[in-house]
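Protein chains: 4
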Amino acid sequence: MHDLLIDSPTNWERWGSSDEIGALNFLNSDEVLRGLQTVKKGKVFCLGTKIGDPRGEPKSTTRSHSTRLNVRDKGTYGSGKVQSGFGGFESADDLMTISLQGTTHVDALGHPWYDDMLWNGYDARTTIGALEKCSVEPIAEHGIVGHAVLLDLARWKKTRSLSRNYVITLDDLLECASSQSTSVLEHDILVLRTGWLGLFYKDPKLWFGYDSYDEPGLTYDPDLIKWFHEMEIPMLASDTVANEKMFHPSTGILLPLHASLVRNLGILFNELIWLDELGADCESDGQWEFLYIASPLKIVGATASPINPIGMK
Amino acid sequence: MHDLLIDSPTNWERWGSSDEIGALNFLNSDEVLRGLQTVKKGKVFCLGTKIGDPRGEPKSTTRSHSTRLNVRDKGTYGSGKVQSGFGGFESADDLMTISLQGTTHVDALGHPWYDDMLWNGYDARTTIGALEKCSVEPIAEHGIVGHAVLLDLARWKKTRSLSRNYVITLDDLLECASSQSTSVLEHDILVLRTGWLGLFYKDPKLWFGYDSYDEPGLTYDPDLIKWFHEMEIPMLASDTVANEKMFHPSTGILLPLHASLVRNLGILFNELIWLDELGADCESDGQWEFLYIASPLKIVGATASPINPIGMK
Amino acid sequence: MHDLLIDSPTNWERWGSSDEIGALNFLNSDEVLRGLQTVKKGKVFCLGTKIGDPRGEPKSTTRSHSTRLNVRDKGTYGSGKVQSGFGGFESADDLMTISLQGTTHVDALGHPWYDDMLWNGYDARTTIGALEKCSVEPIAEHGIVGHAVLLDLARWKKTRSLSRNYVITLDDLLECASSQSTSVLEHDILVLRTGWLGLFYKDPKLWFGYDSYDEPGLTYDPDLIKWFHEMEIPMLASDTVANEKMFHPSTGILLPLHASLVRNLGILFNELIWLDELGADCESDGQWEFLYIASPLKIVGATASPINPIGMK
Amino acid sequence: MHDLLIDSPTNWERWGSSDEIGALNFLNSDEVLRGLQTVKKGKVFCLGTKIGDPRGEPKSTTRSHSTRLNVRDKGTYGSGKVQSGFGGFESADDLMTISLQGTTHVDALGHPWYDDMLWNGYDARTTIGALEKCSVEPIAEHGIVGHAVLLDLARWKKTRSLSRNYVITLDDLLECASSQSTSVLEHDILVLRTGWLGLFYKDPKLWFGYDSYDEPGLTYDPDLIKWFHEMEIPMLASDTVANEKMFHPSTGILLPLHASLVRNLGILFNELIWLDELGADCESDGQWEFLYIASPLKIVGATASPINPIGMK
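Protein chains in written order, with our numbering: chain L, 1 to 313; chain Z, 1 to 313; chain S, 1 to 313; chain Y, 1 to 313.
Wrong hints could be hidden among the right ones.
A pair counts as met if it fits within one copy or between any two copies, since identical chains are not told apart.
[Said to hold, decoys possible] Result set (DSSO-like, lysine-lysine): computed pairs, CA atoms no more than 30 Å apart in a straight line:
1. Lys157 x Lys81
2. Lys81 x Lys202
3. Lys158 x Lys41
4. Lys202 x Lys40
5. Lys81 x Lys41
6. Lys81 x Lys226
7. Lys158 x Lys205
8. Lys81 x Lys43
9. Lys205 x Lys81
If you're looking for bench data, these hints aren't it; they were derived computationally from the structure.
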């Protein structure tokens, strides 16, 4: 990775040595207002996956399934173990265990690293026990609001889903945009629909019925990185687990976009976003730009937060 | 409660017998667009409290504190227990246990009940094990986006916080609005700042150093309920635990607004919202209306979801 | 089940209407002393399975894998997030989430039921929220200490493991005992080794590579129940998930021994006990009797407790 | 600590460089048989505290209270969310979150350290993420069975509990033994009753109603350490949180017995053992020796395991 990315651009120090939110800095008030101008109909799309879904949760198999359990409900009152409040008030309570990287989520910039340094040069040892730097908390203090563009690669390719072996190229992005008569502008949140997430809900074996997991996605390519850098993309979102191929095809290196885009350029990753209804709507009205809003939870020291992003048109 | 609320209005069946989101139905596309018109500067306020805060979490003491723990971090690699990915990629992962009613959250309509019936007449036994009806999931599928108005009661009363014994009246709401030269309009999300939440962070003993917990708040009053009903308020938010006095002063009944507003009228409750910076901004520019956006997680069967609401101006 | 067991014996009321430990009452001081007499060499066998085993945990797939996570360790100190105690003291802490029925465990008598009644006739609604009656707590207050006999069915059949289709009969038990030149005595804890648990550790597919899970085991048979009843067996232990075939072969009824032995006769079930080293030792010295000791945790309201049973010879 | 213990004895390497169980090695088969000889009546005392106790759990306030929740019970069936098995079988399931150092437990030898080294010289970095060395697992593979002696200091002092300021000396141990007409023998498990644990259940304020927590206990003293070393004590148990004063009175050093006894001599610590009924029994029959049996769970990488120790007489 060190050699592969030795000439790859970085944004370290661009926003000062104490910055922890990276390319999210691009999303200032002007960008909020630019995003708002895309909203014409007042339609709201909620783009998160279900948590605690009995069909399973689409995620890396090394991460545990969410567990939500009732602490108190009508059964507790009915069995006499808890008394109603004075006047007859009763209520249900619950708690949940959740893998913070498990369902639709935004990664903190301190989630990935190589060469012992995180985004902006922070020491990787600051991750020990809890993320002391670049946790999801400063992202959640800022909020993620901006102008987004959907590139619906599956629709462009006229397929239910790109295949697990498919490598998405920069040309694909540009041609897909062109086919949609749209274009990616500076500071746009880039949202890619591959259709992959739908396969999981059809049958998890379509994801996991192989010796090793892979998925359709972008991968490291110097021109692609240059494009992300010059376009000052604040965030990449897609309907896949990793937002990229698991391995760089020519070198076998693991997750080089997490390294070059997140760790080096400070670009936020929103993984496992659900885009099927939004994609259909964009096709029907021909408007592929929308206001993107995500509001991660302010979890102290966290590597990620589950989100239910909103797409507004 | 049954007797107290016998003539109190309800919205049951107003949106059909299978409705599970109640007054959230008021927040249609027109209301989204009305909310958007308040945004002038592109400022974003993130109104959630911190989760896993070492200072403690402001919540009912019967609910457990969130626990977030690392599953993998630089320490795990450094000790040789996990190997870097091919090329040197490393990453941190974590999971969390959280009381869903614990920090800033929105209640599902199935959270409170009396007389064995939830919102819209659903049987309270549907809460057993998990909320089969009126969980937070349909709310999270809809999203909460609308025109909100902040009534800053603490600022109006020129106090750091209303006292724990203070009962907020309908007249207080109207006079506070008048003092702000604003007014509450139909379908407005009503956001009340009491200053109470700030006391917790100053010193938890200011909340819990009494024999029983109480807080400043609204309470049951037929005129108040009538006003909420006629104004078609979709949601009430405040910087307190319960959005109301714990007990109705004259009868001692527990949480009668949860009964009359949530269970009978289907109004959403957002509790423990953090409003100090937003309040200061509204005072400085004299604009107390804003776009409110909350996007609860789609947790199957849940009584609530943690949220980090966005206020946009 | 009701019809199948209509003439099946019960011990309800045998130890009074408030009893919650059933056949554990057989294990009085005399039985403790009888068990002690089997100890000749002072050898101790610890018969629990590993918890949080990276190889997986042998258990029903509907139960979640244990998760143990560090709260504090050398990494936390090394990163400066926690300071050493005065003088330099440091320590590691952790916590765990565990399915109480997940690994080697003893069932509470309130775990299984039919016809809306638990052991001793308690109402099944007493299980709601927590076991109000017949939880594992009174068992843990009593302790489980007695004279046990191992019947090593796999060794008798000269096989690594009985096959998943194998139905163990009463005759099998008696013939196996005879082949070992031992006999089952009144009040003996009956411990059966099938070899099945070893298959899981060899390859979980040997357990789960079928359309539905099954395992070798006893199943309902009137003569078998009569024998358990007359022998006043206090506990049945085996190296399988359920201590019985999943389904009664001739009727298809689910888990009829849980019904007839646990719920009706009050016999304790210790499932997933690890017997390979104990079995080898018994073969080598020809002594199949041993002192069995298990000390479940006093978990209030629990359906089971993980245990690491001791076999002493 | 380094200076304080510079001449303090250690058992490192005594059982080889790969040993992870320390003084537990003293408890061989002969010691098991010696312990068994104390059993005359067949009486069994279960010495664990309750887990998930609504009265609270006696433990350091930095550790979280256990949470046990039902996954399935009669309510789940009654509400139609789960169907009975074929034939009518139903059952209850639950899971638990527990701080492994929280209630009655045995510490792993890797729990405490100073000077960056654990028991036997292992690097403290082996604790990162999980205890790679000296976890509770090898202790649980061995089992803890031996001859124990109870010194009932509270009874000797004719007090409900020693006071929180009380420092127990070696002379106290010897005089208390003498007053009981008993003596501590080589390889005895040393069990101390201070009465302190009973105060918690009377009122937690008797423990926590002070600016900082302290408790009656032993503390570092060269003669005491020498005595433990020469007596080859395998384990120390007491009815307190730490088995020692929080701070060494003359130097203020934190937990020097964890350092000198656990880390240097490899002696096991069983904390928070419940001794009130056992103490009363010993007084009534004048026999203070008993068979001690504890069987920690085989939790991979754990710093401790909850136990319900058995005292048998």
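Now the hints, each set against the structure:
1. Lys157 x Lys81: neither (58 Å within a copy, 42 Å between copies)
2. Lys81 x Lys202: Classified as between; 23 Å across copies, 42 Å inside a copy.
3. Lys158 x Lys41: within (27 Å within a copy, 41 Å between copies)
4. Lys202 x Lys40: The answer is neither: 33 Å in one copy and 44 Å across copies each exceed 30 Å.
5. Lys81 x Lys41: Result: close neither inside a copy nor across copies, 50 Å intra and 39 Å inter.
6. Lys81 x Lys226: neither (63 Å within a copy, 36 Å between copies)
7. Lys158 x Lys205: Within one copy only: 22 Å inside, 38 Å across.
8. Lys81 x Lys43: This pair counts as neither: shortest intra-copy Cα distance 45 Å, inter-copy 34 Å.
9. Lys205 x Lys81: between (43 Å within a copy, 26 Å between copies)
When each numbered hint is compared with the structure, violations occur for hints 1, 4, 5, 6 and 8.
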